[in-house]
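K.L.:
The primary structure of each chain is shown beneath.
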Amino acid sequence: MSDYPSSYRFTRDHEWIAVEGAKGKIGITSYAQSELGDVVYVELPKVGDAVTAGASFGTVESVKAVSEIFSPVTGTVTEINAHLNNAPETLNQDPHGEGWLIKVSLNDPAEVEKLLSAEDYQTFISSQQH
Amino acid sequence: MTESASAAPLLTTPLNAAHRRLKARMVPFGGWDMPVEYSGIIPEHRAVRTSAGLFDVSHMGEIEIRGNEALDLVQTVTCNDAAALRTGQAQYSALLTEKGTFVDDLLVYRMGEAHFLLVVNASNIEKDFQHIRTHNQTGALLENTSAEYAQLAIQGPRALGILRRLTSADLAGLRYYWFTIGKVADITAIISRTGYTGEDGFELYFPAQHAELLWNTLLDEGQLEGLIPCGLGARNTLRLEAGMALYGHEIDENTNVWEANLNWICKLNKPGFVGRDALQTTRRERALVGIEMVEPGIARDGYPIFASEDAPHPLGQVTSGSPSPTLGKNIGMGFVPLSFSSVGQELWIQIRNRRARARVTPLPFYRRTRG
Numbered sequence: 000m001s002d003y004p005s006s007y008r009f010t011r012d013h014e015w016i017a018v019e020g021a022k023g024k025i026g027i028t029s030y031a032q033s034e035l036g037d038v039v040y041v042e043l044p045k046v047g048d049a050v051t052a053g054a055s056f057g058t059v060e061s062v063k064a065v066s067e068i069f070s071p072v073t074g075t076v077t078e079i080n081a082h083l084n085n086a087p088e089t090l091n092q093d094p095h096g097e098g099w100l101i102k103v104s105l106n107d108p109a110e111v112e113k114l115l116s117a118e119d120y121q122t123f124i125s126s127q128q129h
Numbered sequence: 000m001t002e003s004a005s006a007a008p009l010l011t012t013p014l015n016a017a018h019r020r021l022k023a024r025m026v027p028f029g030g031w032d033m034p035v036e037y038s039g040i041i042p043e044h045r046a047v048r049t050s051a052g053l054f055d056v057s058h059m060g061e062i063e064i065r066g067n068e069a070l071d072l073v074q075t076v077t078c079n080d081a082a083a084l085r086t087g088q089a090q091y092s093a094l095l096t097e098k099g100t101f102v103d104d105l106l107v108y109r110m111g112e113a114h115f116l117l118v119v120n121a122s123n124i125e126k127d128f129q130h131i132r133t134h135n136q137t138g139a140l141l142e143n144t145s146a147e148y149a150q151l152a153i154q155g156p157r158a159l160g161i162l163r164r165l166t167s168a169d170l171a172g173l174r175y176y177w178f179t180i181g182k183v184a185d186i187t188a189i190i191s192r193t194g195y196t197g198e199d200g201f202e203l204y205f206p207a208q209h210a211e212l213l214w215n216t217l218l219d220e221g222q223l224e225g226l227i228p229c230g231l232g233a234r235n236t237l238r239l240e241a242g243m244a245l246y247g248h249e250i251d252e253n254t255n256v257w258e259a260n261l262n263w264i265c266k267l268n269k270p271g272f273v274g275r276d277a278l279q280t281t282r283r284e285r286a287l288v289g290i291e292m293v294e295p296g297i298a299r300d301g302y303p304i305f306a307s308e309d310a311p312h313p314l315g316q317v318t319s320g321s322p323s324p325t326l327g328k329n330i331g332m333g334f335v336p337l338s339f340s341s342v343g344q345e346l347w348i349q350i351r352n353r354r355a356r357a358r359v360t361p362l363p364f365y366r367r368t369r370g
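Heads up: the protein sequence lines correspond to chains A and B, in order. Everything in the first sequence is counted per numbering that gives the first Met the number 0, starting at 0 for the first residue and increasing by one. Everything in the second sequence is counted per numbering that gives the first Met the number 0, starting at 0 for the first residue and increasing by one.
Careful, some of the hints might be misleading.
[Unchecked claim] Reference listing, derived: stretches of chain A covered by chain B, where coverage requires no fewer than 3 residues with Cβ under 8 Å from a Cβ of chain B:
#, segment
1, 14 to 24
2, 56 to 64
[To be verified] Derived SDA-like pairs: lysine to any residue, alpha-carbon spacing no greater than 25 Å straight-line:
#, chain 1, residue 1, chain 2, residue 2
3, B, Lys328, A, Val111
4, B, Lys22, A, Asp2
5, B, Lys22, A, Thr122
6, B, Lys328, B, Gly247
7, B, Lys182, B, Gly225
8, B, Lys328, A, Ser33
9, A, Lys45, A, Asp2
10, A, Lys45, A, Ser5
11, A, Lys24, A, Thr58
12, A, Lys45, B, Arg351
13, B, Lys126, B, Gly66
14, B, Lys328, A, Lys24
15, A, Lys24, A, Gly96
16, B, Lys328, A, Asn80
17, B, Lys182, B, Asn143
18, B, Lys269, B, Lys22
19, B, Lys22, A, Lys24
20, A, Lys45, B, Gly247
21, A, Lys102, A, Asp48
22, B, Lys126, B, Pro206
23, B, Lys22, A, Ala64
24, B, Lys22, B, Leu223
25, A, Lys102, B, Arg351
26, B, Lys98, B, Asp80
27, B, Lys328, A, Asp48
28, A, Lys113, A, Gln92
29, B, Lys22, A, Thr51
30, B, Lys328, A, Glu19
31, B, Lys22, A, Leu43
32, B, Lys328, A, Asn91
33, A, Lys45, B, Asn352
34, A, Lys102, B, Pro295
35, A, Lys24, A, Lys45
36, A, Lys22, A, Val111
37, B, Lys98, B, Pro270
38, A, Lys22, A, Gly36
Simulated from the structure, these hints should not be mistaken for laboratory data. Just so it is clear, CB atoms sit at the ideal spot from N, CA and C, and this is done for glycine as well.
Modelling step: build the complete structure from the supplied sequences, incorporating the hints.
P.N.:
Put into structure tokens, the structure is as follows:
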């Protein structure tokens, strides 16, 4: 079982966000990458693009499937993890660390409060498995 | 909360428990609960290309036709020439509608002068059986024996070496698309030199109750040579690289034999078979082509194909698409009008909200080098 950092917040669509002040780093969870299988392609927005809480900002593809990534928060993209273009498998290897997707500046840092804690997210995913 | 009227429960192969013990990711496929991957599609795909992989394909259907009228019935319902088969030989063929489109594709095994075994797609078993029965005017004995058989496929350059240690049958002398009946680890099986991966290999048909024993015996025997269990995910990427059609994707009841490039299995010079009349007058207006992405992006099943970045109307659709683990490219197949089907033709694939450049490439994408 992979660790879900207690300082991160999570969505029911299986994204995480690590927030510092008005800046956030976003990725997909360990559960999401393991459900997808080997990631072979990642499509990310451009720096300066707006992202909206609950709306898709990119896609992650495994050999078999395409999965949309939904933003946990509303804000503006400040950086993308370009390393993933050449090494998409990083998403499988280190989903909560080196496999981050984008950094954003948050419009409303209070939005984060609505997201799941690490503990609540783990309870949520165990209810997804039968 | 109440469950809405759900679909019929998924069917299981005799190896369902074995897959779960191996922690396979299970998915519904054509009404069956099947393993899509164990260690991962890419490592499984590579194992088949470089050493060997073992697939449970027990969901495939078996229909047997016996009696003096057996050959006539097979000749009536399939488009390839079953009369050319000798006992011990197999043939890729298809069941066609009156329009010359596909009811199903299948393998025809000639078990004896008056005994044929038809191996059909899992999701089409009942439809195929009814289709054949409708055309059985002469009283051939027709039987759906799908539940009696387990089917395993051992595929890859090491398949021969692994399998021959478990059988006294002469495997090295068995030619491609021929079969023999022999004991594999003391279990009597049809041992067929066929497959759906583009590699050398064998498909084994044997009584369902021995499935776990043979599965485990093969995995143990092949372990040191890199044999690993493989799921439907790798089966799909392997057959796509090999340019082989999959029912419901490249071929279906709206696709005719000419469009699907399967003229080589359709023998118009053989006496009347279902679909022949239509095919004699049908012209090919579109063609199934190989597609390679030039720009980043993966063409997926159902994505529209365009002539240019801003053309308003699609030319056709992608029928199968995936990254190719062997080639390291994103590949696919799809239908386009004949005038867009030449190798090198530029095409544009609609990938969500953008179009990515692709080009027509020769099929198959991958051909093994014969040793």
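K.L.:
All the hints need checking, so say for each whether the structure fits it.
P.N.:
Verification of the hints:
1. Only when three residues or more bring their CB closer than 8 Å to a CB of chain B does the claim for the segment 14 to 24 of chain A stand; here the count is 0, and the claim is violated.
2. Here's how the segment 56 to 64 of chain A fares: 5 of its residues keep a CB closer than 8 Å to some CB of chain B, so the rule of at least three is met and the hint holds.
3. Between lysine 328 of chain B and valine 111 of chain A, the direct Cα distance comes to roughly 39 Å. Violation of the 25 Å bound is thereby established for this hinted pair.
4. As the CA atoms of lysine 22 of chain B and aspartate 2 of chain A are separated by approximately 21 Å, the hinted pair is consistent with the 25 Å bound.
5. Between lysine 22 of chain B and threonine 122 of chain A the alpha-carbon distance is near 22 Å, which keeps this suggested pair within the 25 Å criterion.
6. Between lysine 328 of chain B and glycine 247 of chain B the CA atoms are separated by roughly 24 Å; this keeps the pair inside 25 Å, and the hint holds.
7. Distance hint between lysine 182 of chain B and glycine 225 of chain B is fulfilled; the C-alpha atoms sit about 23 Å from each other, no more than 25 Å.
8. At roughly 23 Å between alpha-carbon atoms, lysine 328 of chain B and serine 33 of chain A fall within 25 Å of each other, so this suggested pair holds.
9. Of the pairs offered as hints, the one joining lysine 45 of chain A and aspartate 2 of chain A is violated, with about 29 Å between alpha carbons and a cut-off of 25 Å exceeded.
10. For the given pair, lysine 45 of chain A sits about 29 Å from serine 5 of chain A by alpha-carbon distance, which is inconsistent with the 25 Å threshold.
11. A hinted pair counts as satisfied when its Cα atoms are at most 25 Å apart, and lysine 24 of chain A with threonine 58 of chain A qualifies at roughly 16 Å.
12. Between lysine 45 of chain A and arginine 351 of chain B the alpha-carbon distance is near 16 Å, which keeps this suggested pair within the 25 Å criterion.
13. Under the criterion of a C-alpha separation no larger than 25 Å, the hint pairing lysine 126 of chain B with glycine 66 of chain B is consistent with the structure, at around 22 Å.
14. For the hint linking lysine 328 of chain B to lysine 24 of chain A, the alpha-carbon distance of about 30 Å lies beyond 25 Å, and the restraint is violated.
15. For the hint linking lysine 24 of chain A to glycine 96 of chain A, the alpha-carbon distance of about 10 Å falls within 25 Å, and the restraint holds.
16. This hinted pair checks out: lysine 328 of chain B and asparagine 80 of chain A have alpha carbons roughly 22 Å apart, not beyond 25 Å.
17. The straight-line distance between the Cα atoms of lysine 182 of chain B and asparagine 143 of chain B is roughly 24 Å, inside the 25 Å bound, and the hint therefore holds.
18. With a C-alpha separation of about 49 Å, the suggested pairing of lysine 269 of chain B with lysine 22 of chain B is violated against the 25 Å cut-off.
19. Restraint check for lysine 22 of chain B and lysine 24 of chain A: not satisfied, since their Cα atoms lie roughly 32 Å apart, outside the 25 Å limit.
20. Pair hint lysine 45 of chain A plus glycine 247 of chain B does not hold up; C-alpha atoms about 37 Å apart against a cutoff of 25 Å.
21. Annotation: proposed proximity of lysine 102 of chain A to aspartate 48 of chain A holds, straight-line Cα distance about 11 Å (limit 25 Å).
22. For a cut-off of 25 Å, the pair hint linking lysine 126 of chain B to proline 206 of chain B stands: about 23 Å separates their Cα positions.
23. In summary, the hint linking lysine 22 of chain B to alanine 64 of chain A is supported, as the alpha carbons are separated by about 19 Å, within the 25 Å threshold.
24. Using a Cα cut-off of 25 Å, the hinted pair lysine 22 of chain B and leucine 223 of chain B holds, with the two alpha carbons roughly 21 Å apart.
25. Straight-line distance between C-alpha atoms of lysine 102 of chain A and arginine 351 of chain B comes to about 23 Å, which keeps the hinted pair within the 25 Å bound.
26. Restraint check for lysine 98 of chain B and aspartate 80 of chain B: satisfied, since their Cα atoms lie roughly 19 Å apart, inside the 25 Å limit.
27. A C-alpha spacing of about 29 Å is found between lysine 328 of chain B and aspartate 48 of chain A, which places the hinted pair above 25 Å, so the restraint is violated.
28. Distance hint between lysine 113 of chain A and glutamine 92 of chain A is unfulfilled; the C-alpha atoms sit about 28 Å from each other, more than 25 Å.
29. Between the alpha carbons of lysine 22 of chain B and threonine 51 of chain A the distance comes to roughly 37 Å, so the proposed pair goes past 25 Å and is violated.
30. With a CA separation close to 39 Å, the supplied pair lysine 328 of chain B and glutamate 19 of chain A exceeds the 25 Å bound.
31. Taking the CA atoms of lysine 22 of chain B and leucine 43 of chain A, the gap is about 32 Å. The hint is violated against a cut of 25 Å.
32. About 20 Å separates the Cα atoms of lysine 328 of chain B and asparagine 91 of chain A, which keeps this hinted pair within 25 Å; it holds.
33. Under the criterion of a C-alpha separation no larger than 25 Å, the hint pairing lysine 45 of chain A with asparagine 352 of chain B is consistent with the structure, at around 15 Å.
34. The straight-line distance between the Cα atoms of lysine 102 of chain A and proline 295 of chain B is roughly 23 Å, inside the 25 Å bound, and the hint therefore holds.
35. Taking the CA atoms of lysine 24 of chain A and lysine 45 of chain A, the gap is about 15 Å. The hint holds against a cut of 25 Å.
36. A C-alpha spacing of about 11 Å is found between lysine 22 of chain A and valine 111 of chain A, which places the hinted pair at or below 25 Å, so the restraint holds.
37. As the CA atoms of lysine 98 of chain B and proline 270 of chain B are separated by approximately 17 Å, the hinted pair is consistent with the 25 Å bound.
38. Taking the CA atoms of lysine 22 of chain A and glycine 36 of chain A, the gap is about 29 Å. The hint is violated against a cut of 25 Å.
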